[in-house]
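Visitor: The chain contents come next:
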Amino acid sequence: MNTPVRFGVSLVLGLLAAVGLFLLMNFLVSRGEAGIEAQRREPLPQFIRMDDQEQIVRRREREKPEPPEEIKPIPRLEAVATPKQPTPQPPAFDLPRFDFPTDLALAGLPLAAPPPAPTGPVAYTQSLTPISQVPPQYPVRARRQGISGWVRLEFVVNPDGSVRDVSVVEAEPREGIFDQEAVRALSRWRFHPQMQDGKAVPAIATITIVFNLEG
Amino acid sequence: MIEPILNLQRFLDAGGPVLWVILLVAVVLWTLIIERYWHHWRVFPRELSAVRARRSRLPPQERRIARMLLRKDVSELRQGLTRSLTAIRTLIAACPLLGLLGTVTGMIHVFDVIGFSGTGNPRAMAAGVSMATIPTMAGLVVALSGFVFSIRLQRGGEAHAREAEDVLKRDMLEGERKAGVRSQESGVRSQESGVRSKKHLTAVISTVEQ
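If you're matching them up, the sequences are chains A and B in order. Counting from 1, one number per residue, gives the positions in the first sequence under my numbering. Counting from 1001, one number per residue, gives the positions in the second sequence under my numbering.
Source of the hints: derived by calculation from the structure; they are not laboratory data. Backbone N, C-alpha and C define an ideal beta-carbon position, used for all residues, glycine too. There could be a bad hint or two in this list.
What the hints assert, rightly or not - To give a feel for the contact side, a few chain B residues facing chain A, derived at Cβ under 7 angstroms:
#1 Leu1008
#2 Val1027
#3 Trp1030
#4 Ala1138
As the list claims (entries may be wrong) - Not close to chain B: a few residues of chain A, all C-beta gaps over 10 angstroms, as computed:
#5 Glu61
#6 Glu66
#7 Pro68
#8 Ala92
#9 Pro121
#10 Glu172
#11 Ser187
Work out the full structure, taking the sequences as your base and the hints as a guide.
Guide: Right under this line is the structure:
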């Protein structure tokens, strides 16, 4: 037999051998798969016992706490002008007159002019409306603790409208939480100066600054 | 008959393109191996008897030339016996490497899938994993199956060539003795080799008579 026939027959046989090898490999691979399929078809064992008496879940009732009382907002206090104080009347004294000679040796000396009366601040009579107003900032600590309150301040309005000598008269609460901030803010306010006889004079006024948490 | 073919089709699809190359290599490899066995069993005895017949027809020659002709004939026979063994071994060595190639391409496929849909989809990755593993197995199986036969073919080829050499030498010495030319030391050697190849010699004669 010549060579081409030999190779042709060998090729056919070789093809068969190779296909046989691959079929063998496929068998090797797919046998596990069949096992998996068989396992999948088996019913799964049940681990959870279902024949137990069903236990009724009792729900524990608990009294609800009463809702907290609503916080009543502190009524905002209006800034009111202090009423004009009555001018003090000199008390009437009934003193015996001293009678002594006035012609002293020094009578000829010229008398010193009486010193001008000290112009103390008069009471502020106009309505307390600031011309310019620096809003007070709510202190961080008070805002965190939810404290609201108010501060009553006494101060002097200068003739140029600025504010000096601010002092705390009364405050609620008394810890002084709002005092510093109220004083700081008020010191930068400006008012109309108190007019007396066509002249601006210093005047004492009182104001209440309310710190109120909104919402 | 249909089901194995379908199974094979599925197997090749799962293995990816490299598996086709391995299948091709397996076909070529097994073609060569079967051709070799055919050559050893059927072609080689015929060639040997043909060579013997040709040599017996030749007139007795000078001894040196006769030995050289003997060596040439043996060499030709040996060449015929070990012809495509190098190719067979090359293909066997290439098979595991092809399997490795399939692994690498399959893993790249897997990483593509991971990059596209994340690691949360093992079903999508399974195709790439089978593409990575099946060619590896196929390469190893083909190489292993070919390896055994290639070793046997190599050894068998060497043995056949040696036997052919012995037979031819014995024939030559017989012819020389008939022609009255005798050399002592070569006679001793031919007896040794004659003992070794007696069994094969009878086989050769029987095939010739057929």
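Visitor: For a quick check of understanding: which of the numbered hints are violated here, in increasing order?
Guide: none
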